[in-house]
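S.K.: Quick mapping for you: the protein sequence lines, in order, are chains X and S.
Using our numbering, read the first sequence as starting at 1 and increasing by one per residue.
Using our numbering, read the second sequence as starting at 1 and increasing by one per residue.
Please keep in mind that the hints were generated in silico from the structure rather than gathered at the bench.
Misleading hints may appear alongside valid ones.
[What the hints assert, rightly or not] Subject to a maximum C-alpha distance of 30 Å in a straight line, what follows is the list of computed DSS-like cross-link-like pairs (lysine-lysine):
{"hint": "1", "chain 1": "S", "residue 1": "K230", "chain 2": "X", "residue 2": "K267"}
{"hint": "2", "chain 1": "S", "residue 1": "K218", "chain 2": "S", "residue 2": "K291"}
{"hint": "3", "chain 1": "S", "residue 1": "K243", "chain 2": "X", "residue 2": "K267"}
{"hint": "4", "chain 1": "X", "residue 1": "K254", "chain 2": "S", "residue 2": "K291"}
{"hint": "5", "chain 1": "X", "residue 1": "K161", "chain 2": "S", "residue 2": "K243"}
{"hint": "6", "chain 1": "S", "residue 1": "K197", "chain 2": "X", "residue 2": "K320"}
{"hint": "7", "chain 1": "S", "residue 1": "K161", "chain 2": "X", "residue 2": "K197"}
{"hint": "8", "chain 1": "X", "residue 1": "K267", "chain 2": "S", "residue 2": "K254"}
{"hint": "9", "chain 1": "S", "residue 1": "K172", "chain 2": "X", "residue 2": "K243"}
{"hint": "10", "chain 1": "X", "residue 1": "K243", "chain 2": "S", "residue 2": "K161"}
{"hint": "11", "chain 1": "X", "residue 1": "K328", "chain 2": "X", "residue 2": "K197"}
{"hint": "12", "chain 1": "S", "residue 1": "K197", "chain 2": "X", "residue 2": "K267"}
{"hint": "13", "chain 1": "S", "residue 1": "K197", "chain 2": "X", "residue 2": "K161"}
[As the list claims (entries may be wrong)] Over 12 Å on every C-beta distance to chain X, these chain S residues come out as not near it, computed from the model:
{"hint": "14", "residue": "G150"}
{"hint": "15", "residue": "E189"}
{"hint": "16", "residue": "Q214"}
Ideal Cβ placement from N, Cα and C applies to all residues, glycine included.
Number of protein chains: 2
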Amino acid sequence: MRTSLKTFSLVLLALCFFISCKESTTIEPVSPNQLSSDEQIIDHLPSWNDSEAKKNIIAYVEDVTDRNSVNYVEVQDRIATFDNDGTLWSEQPAYFQLFFALDRIKAMAGEHPEWKNKQPYKAVLEDDMETIMASGNQGLIQLIMTTHAGMTSEEFDETVKNWIKTAKHPTKNVTYDQLVYQPMLELLEYLRANNFKTFIVSGGGIEFMRAIVQEVYKIPSEQIIGSSIKTEFDYNNGNPVIKRLPELDFIDDKEGKPVGINKFIGKKPIFAAGNSDGDLQMLQWTASNSKKNFELYIHHTDEIREWAYDKESHVGKLDKGIAEANEKGWTIVDMKNDWKVIYPFELK
Amino acid sequence: MRTSLKTFSLVLLALCFFISCKESTTIEPVSPNQLSSDEQIIDHLPSWNDSEAKKNIIAYVEDVTDRNSVNYVEVQDRIATFDNDGTLWSEQPAYFQLFFALDRIKAMAGEHPEWKNKQPYKAVLEDDMETIMASGNQGLIQLIMTTHAGMTSEEFDETVKNWIKTAKHPTKNVTYDQLVYQPMLELLEYLRANNFKTFIVSGGGIEFMRAIVQEVYKIPSEQIIGSSIKTEFDYNNGNPVIKRLPELDFIDDKEGKPVGINKFIGKKPIFAAGNSDGDLQMLQWTASNSKKNFELYIHHTDEIREWAYDKESHVGKLDKGIAEANEKGWTIVDMKNDWKVIYPFELK
Chain X
1 MRTSLKTFSL VLLALCFFIS CKESTTIEPV SPNQLSSDEQ IIDHLPSWND SEAKKNIIAY
61 VEDVTDRNSV NYVEVQDRIA TFDNDGTLWS EQPAYFQLFF ALDRIKAMAG EHPEWKNKQP
121 YKAVLEDDME TIMASGNQGL IQLIMTTHAG MTSEEFDETV KNWIKTAKHP TKNVTYDQLV
181 YQPMLELLEY LRANNFKTFI VSGGGIEFMR AIVQEVYKIP SEQIIGSSIK TEFDYNNGNP
241 VIKRLPELDF IDDKEGKPVG INKFIGKKPI FAAGNSDGDL QMLQWTASNS KKNFELYIHH
301 TDEIREWAYD KESHVGKLDK GIAEANEKGW TIVDMKNDWK VIYPFELK
Chain S
1 MRTSLKTFSL VLLALCFFIS CKESTTIEPV SPNQLSSDEQ IIDHLPSWND SEAKKNIIAY
61 VEDVTDRNSV NYVEVQDRIA TFDNDGTLWS EQPAYFQLFF ALDRIKAMAG EHPEWKNKQP
121 YKAVLEDDME TIMASGNQGL IQLIMTTHAG MTSEEFDETV KNWIKTAKHP TKNVTYDQLV
181 YQPMLELLEY LRANNFKTFI VSGGGIEFMR AIVQEVYKIP SEQIIGSSIK TEFDYNNGNP
241 VIKRLPELDF IDDKEGKPVG INKFIGKKPI FAAGNSDGDL QMLQWTASNS KKNFELYIHH
301 TDEIREWAYD KESHVGKLDK GIAEANEKGW TIVDMKNDWK VIYPFELK
């Protein structure tokens, strides 16, 4: 098993942090020498408890990367796809991209005095969530298009980057990019250290995600797949721009996920992770790979550290997915019991 | 649909050109020793003559990869995009994908006895190009959809792979995958050796290309961008498939190229190569990068070894593009004078 110096340092750092983490089980400090001399004690997933989920992941990765295994998979076929909302970062009490849209409406209101008397804008300006939700799909799409279209890609990118630096989550009171899952960051890094190519395949907006998550997940923009609106090229007298148009292009959710994977990647993944019924088709598609494959469902079970929800939730509903996971023996992460910490800031 | 009409006009014009083509050329073999000449240092572009084009490319790559240069570009931003038809492989007397479509109609005819009396199929079976042309856009769309839709992605992939193994170019009399440009293979490899990520951005069909060119160009499927038809996921009782539908999805040509680059890559290239007016917007987009950038036009000037054509050609028309290249000082490759060999088999 290959371990890059970078991974090694990260693991060491994570291990050191663990000692002071109140939620962690007791871990003996390990010196670099001990780590390099004895592979068995290198922990690639230090924020994961030694329960079945972690064991399954490691057994799978060791098998498909072992040249002597019948299940060996060539490097170019080691494609791993991850949902984003609820799988790599939190998604409660609503998708973070919706908070971005609401914040933008407020920021743009100065230039739109008419919004004070016009729904669904009026409801946003009055923090009247009930009326916003009652405006239905049409109202929500209107809010999304108002805030996501009508500018160039470059302008949108800058707007999102400025928002993520300052906007705070309504209950956790930290910037949204701090609400990523530490165990999943470790899993991404572990897979990459084993020459997997990691992709995000999310229902979230492709350009919204690209503006935020490249740094956080160490995934380059060309490996981020998401929903999109139409765009057009404008030569603009020699200063060309891509203009964002108020029209849906592609919804990367449910049946859209395998379609998006086929379009953007052109290969079937061997590893896929999700947390909701919206990810089920991606996991089914991955499970149909003739190469040995791995399907992972994140189950939100921790109402203290994160949120607990599944089949009754309006965000990240997990019902059919968990039934199929149980039936087919896919790995289900119980966040409360399988993860030592949820967020990176808990390590501090 | 405006863009689809444009594309099918191109196909139409390509067909016109195809009818009148009767040429065949003999190619002189060139030995590897002749190519490596008397150079002491490693020549990364041995099939390129030491003319301005080669010097420009090397000077650019050395500059942006030099950490001490003000023009240094970080590895993650070294995005290079290449058109395919006429830039990486030949496109005369018609796009190779069109030959595939016509060959498929003939191969499928056994299961469609009605085609003997049904246009435009009848005309294809009788090699009656004039009647095919008379069937207009509607007839051509019918031929394309008949051969490119109505099956799963997997089936289509297999069909193309079988075709490329056996089908021969009408005048060169070799399989189509042998008609790639040796100097461009070297350029791709040279860029990758300098940590550029190489992408294909072509008007050709994305799944058609992926079935063929990954091995030839050493470019993985996830770095191949092209035109597409719509697809859908079908769970298919537990054996999921992606079905190819007879409806256009995206035309990756002209203004579509920067749009495709923005969607699939999410970054502006620093290096782009094309050969026709259909690539102009991609080169303009690349030229607008604030980082030092490089634009390359391949000019087909070699009527002996390949073909000579530009502004009068119905396939790969190069008119506005070369004017802008001259005006802006972009590098123009004169195939006849800048390349020692055209195809890899000339090296044997």
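S.K.: Work down the list of hints and note, for each, if the structure agrees.
M.R.: Going through the hints against the structure:
no. : hint             : result
1   : S:K230 to X:K267 : holds, 17 Å
2   : S:K218 to S:K291 : holds, 26 Å
3   : S:K243 to X:K267 : holds, 15 Å
4   : X:K254 to S:K291 : violated, 38 Å
5   : X:K161 to S:K243 : violated, 38 Å
6   : S:K197 to X:K320 : violated, 40 Å
7   : S:K161 to X:K197 : holds, 25 Å
8   : X:K267 to S:K254 : holds, 27 Å
9   : S:K172 to X:K243 : violated, 43 Å
10  : X:K243 to S:K161 : violated, 38 Å
11  : X:K328 to X:K197 : holds, 25 Å
12  : S:K197 to X:K267 : holds, 18 Å
13  : S:K197 to X:K161 : holds, 25 Å
14  : G150             : holds, 16 Å
15  : E189             : holds, 17 Å
16  : Q214             : violated, 9 Å
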